[in-house]
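*Asks:* Sequence:
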Amino acid sequence: MSSTDSLIQSMNMVTIEDEEEIGYEIIAEEQEQPSQYFQGINPKLCVVGRFIVEGKTDFLAFQHTMAALWKPGKGVYIKELDTNLFLFQFFHEVDIRRVMEGCPWSFNRRALVMSRLKDGENPRSVVLNSLELWVQVYDMKPGFMSEKILQGIGNYIGHHVSNCQSNFNGVWKEYMRIRVSINLNNPLRRRMKMKMNGEEWFWVNFRYENVPMFCFICGIVGHSEKYYIKLFEHEAEEITKPYGPWLRAPFRGQGHQFTWERDVGGAEWIEVRLDRALVTSSFLDVFTDAKAN
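When we follow full-length UniProt numbering, the leftmost residue of the sequence shown carries the number 1, and every step to the right adds one.
Careful, some of the hints might be misleading.
[Said to hold, decoys possible] Pairs of lysine-lysine, BS3-like flavour, derived with a Cα cap of 27 Å:
#1 Lys193 / Lys148
#2 Lys230 / Lys56
#3 Lys141 / Lys230
[Said to hold, decoys possible] Pairwise CB distance ranges, derived in the manner of DEER restraints:
#4 Glu200 / Glu147: 20 to 28 Å
#5 Lys71 / Ile149: 31 to 39 Å
#6 His92 / Asn122: 35 to 43 Å
#7 Ser146 / Asp58: 23 to 31 Å
These are computed hints drawn from the structure, not numbers from a lab.
Think of the CB as a built atom: it goes at the ideal place given N, C-alpha and C, for glycine as much as any other residue.
Use the sequences and the hints to build the structure in full.
*Replies:* This is the structure in structure tokens:
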């Protein structure tokens with residue numbers, strides 16, 4: 001009788017009191033062997049993502065558009081794991097780092113929440129409830145412009161990720177930039193009160209770069225005030241909007257070269273870009289049943 005059969009037989013005789021004490025210790029020959037299909041896949045180069053706002057997605061257009069936007073040097077394979085859940089397999093650290101540092105990305109005006117996959121992590125179980133953004137911090141006073149203080153501000157907004165390298169280049173900066181991971185279950189922070197010992201309080205104000213749609217009533221990212229959950233519980237004159245479009249930072253940078261519009265360019269346009277940006281030799285080595293023209 002094998003060790004597995006013996007374990008099953010003994011487990012059948014377990015009482016409720018005993019079940020907390022008995023476990024299953026795996027021996028080497030019983031371990032799951034990776035299938036040939038997944039050999040060559042590196043979880044360290046995988047990203048899991050979902051759209052903040054759910055809805056029907058043209059997956060073919062989505063994968064080709066993202067490949068055209070990202071222009072990965074070593075390619076990317078995109079798989080739809082479930083409704084509104086996607087796996088992105090990159091093939092080089094440079095590509096995946098560049099994509100993650102460029103977040104948030106969007107398709108058809110729907111923002112993507114993305115997270116790097118960890119070793120041993122099931123992509124279907126990854127909690128996707130945070131979004132990295134650049135935040136502009138205004139009205140900082142002399143004496144407060146330090147790396148440590150910016151880190152504290154970032155942790156007040158959400159979770160501080162990094163400070164912009166150009167924050168301290170030059171003088172009389174209009175604002176400082178910090179990279180912050182915000183919890184999508186919490187409202188956006190509008191401002192923060194600060195003071196020096198013995199001095200008066202003052203406010204620093206925040207503006208968010210490329211922030212997706214958010215509610216002007218509750219400040220939560222992912223819906224507008226038209227879909228505020230408590231909208232029907234109050235009279236219209238009782239509703240206040242403490243948030244507004246001023247929380248959006250002015251557009252900076254040149255944007256991306258490629259965008260996708262429905263029915264523009266046709267299938268040939270997509271196929272050419274798929275061949276050039278998506279399907280690479282690395283991709284074909286791993287997914288041998290894929291076809292590329």
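*Asks:* Please go over all the hints and tell whether each is borne out by the structure.
*Replies:* Here's how the hints hold up against the structure:
1. Annotation: proposed proximity of Lys193 to Lys148 holds, straight-line Cα distance about 16 Å (limit 27 Å).
2. The straight-line distance between the Cα atoms of Lys230 and Lys56 is roughly 26 Å, inside the 27 Å bound, and the hint therefore holds.
3. Of the pairs offered as hints, the one joining Lys141 and Lys230 is violated, with about 38 Å between alpha carbons and a cut-off of 27 Å exceeded.
4. Restraint check, Glu200 to Glu147: a C-beta distance of roughly 24 Å satisfies the suggested window 20 to 28 Å.
5. Restraint check, Lys71 to Ile149: a C-beta distance of roughly 37 Å satisfies the suggested window 31 to 39 Å.
6. Take His92 and Asn122: their Cβ atoms lie about 24 Å apart, and the range 35 to 43 Å is violated.
7. At about 47 Å, the CB distance of Ser146 to Asp58 disagrees with the hint of 23 to 31 Å.
Hints 3, 6 and 7 from the earlier list are contradicted by this structure; the remaining hints agree with it.
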